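Asker: In the order they appear, the protein sequences are chains V and F.
Note that the numbering used here gives residue 223 to position 64 of the first sequence, counting from 1, and the numbers run on in steps of one.
Note that the numbering used here gives residue 29 to position 34 of the second sequence, counting from 1, and the numbers run on in steps of one.
Since the hints were made in silico from the structure, they are not lab data.
None of these values were measured; they are calculated from a predicted model.
Mixed in with the good hints there might be a few duds.
[Stated by the list, open to error] The calculated lysine to aspartate or glutamate pairs, modelled on EDC-like cross-linking and capped at a C-alpha distance of 20 Å, are:
| hint | chain 1 | residue 1 | chain 2 | residue 2 |
| --- | --- | --- | --- | --- |
| 1 | V | 264 | F | 19 |
| 2 | V | 314 | F | 0 |
| 3 | F | 21 | V | 198 |
Listed below, chain by chain, are the residues.
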Amino acid sequence: MAASDGQFDALIDRYGAMLGRIVASYEANPAMRQDLMQDIWLRIWRGYATFRGDGEEKGFIARIARNCCISHVARAVGEPKSVELDMDAPSGEASPEAQADQALKRQKLEAMVRALPLEQREVIILCLEGFSHADVAHALDISENAVASRFSRAKAALVGKTS
Amino acid sequence: MTDADFQELTTLWQSASYEEDVAEVKASMTRHIRLAKIWTGVELVLSVAAIVFFGVLIAAFPSPTVLVVGLMLMALVVGAFWYGFKSRFRFLDVTAGSARDVVKAAIARSNAAVKRYKVGLYGLIPALVLGNIFGQFIAKNAKEAGQERIFKHVFSDEWEIILAVIILAILVAVNIFLLRREARKGRQLRALLTRIEDET
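Just chain V, with the same shape it has in the complex (with noise of 0.2 Å):
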């Protein structure tokens, strides 16, 4: 029926990181985010049945954390936008000030992912996210050149905000 205990606890381990930056993504706000990532977790252990080992895990978790997140958006479509800051700090050696810049330049990076169109933001998510081309056509089940037009496109608009 659904993924074990065990089995659930090792995708959360594998995914959660690739998960967690998918869904900000989509949203900007904390708690809407931790609630979005519970519902996806929620609805992938309930998936996990169908998932038949053809096509990559990864891929079959990111399509739905995608299709969860369109729902999302659905839902916020209309709704004012509320966008917070997170300032945590990314873990490393680096100093305070380091850390704080590379924090504010990935929150830069994901207010400017969010900004793009939905169609081109898909495909970029999943390129940021070390997928090939034929991959993010595999898991979005569309074709290889629908994705490097949309890429091209997502990495233009990325290039004039950063420009």
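Fit chain F to the supplied structure of chain V, relying on the hints for placement.
Answerer: Chain F only, in chain V's frame:
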């Protein structure tokens, strides 16, 4: 933007670990999963109890009409349970395709749900008639079999009416709530589809 620049962005992007969010979600998932399992269990127990109840009535007051109507009600219970189970555990959430396809599929599902709730709402009248036929035939059979006292004991008139009114009120309220919720969801999805189409 060169490949190296994009690689830099990728590194920056992946530096977010969301450790705290992940830890909190992991801790709360145990509770959510337990609740989901309990809910499925409750649904199963109630469905089995309803089927056993109809089965006992059919066995206690046998006649072709009671059998046919009883089996129809049992099929309704099984169907409702299976549909609920399927819609939660088979996966509407793995729809493939671009955002536009996913939204279109969600709109189609939402429209189907609206129709289903409308049928549920309007179907209450035929269900009432069906329940009435079932009750009358059981009463008739009970009388013929000399079990009228047992029947009267199980189905006293006052209780029957009170129970029927309560159940009907709950059914109507739940259906209206679900119908309104689904209609709102459909409107939101259509607005999103318009936005996606405007963006491209």
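Asker: Now tell me, hint by hint, if it's right for this structure.
Answerer: Status of the hints after comparison with the structure:
With a C-alpha separation of about 25 Å, the suggested pairing of residue 264 of chain V with residue 19 of chain F is violated against the 20 Å cut-off. Between residue 314 of chain V and residue 0 of chain F the alpha-carbon distance is near 10 Å, which keeps this suggested pair within the 20 Å criterion. Annotation: proposed proximity of residue 21 of chain F to residue 198 of chain V holds, straight-line Cα distance about 12 Å (limit 20 Å).
Comparing the model with each earlier hint shows a violation of hint 1 alone; every other hint is respected.
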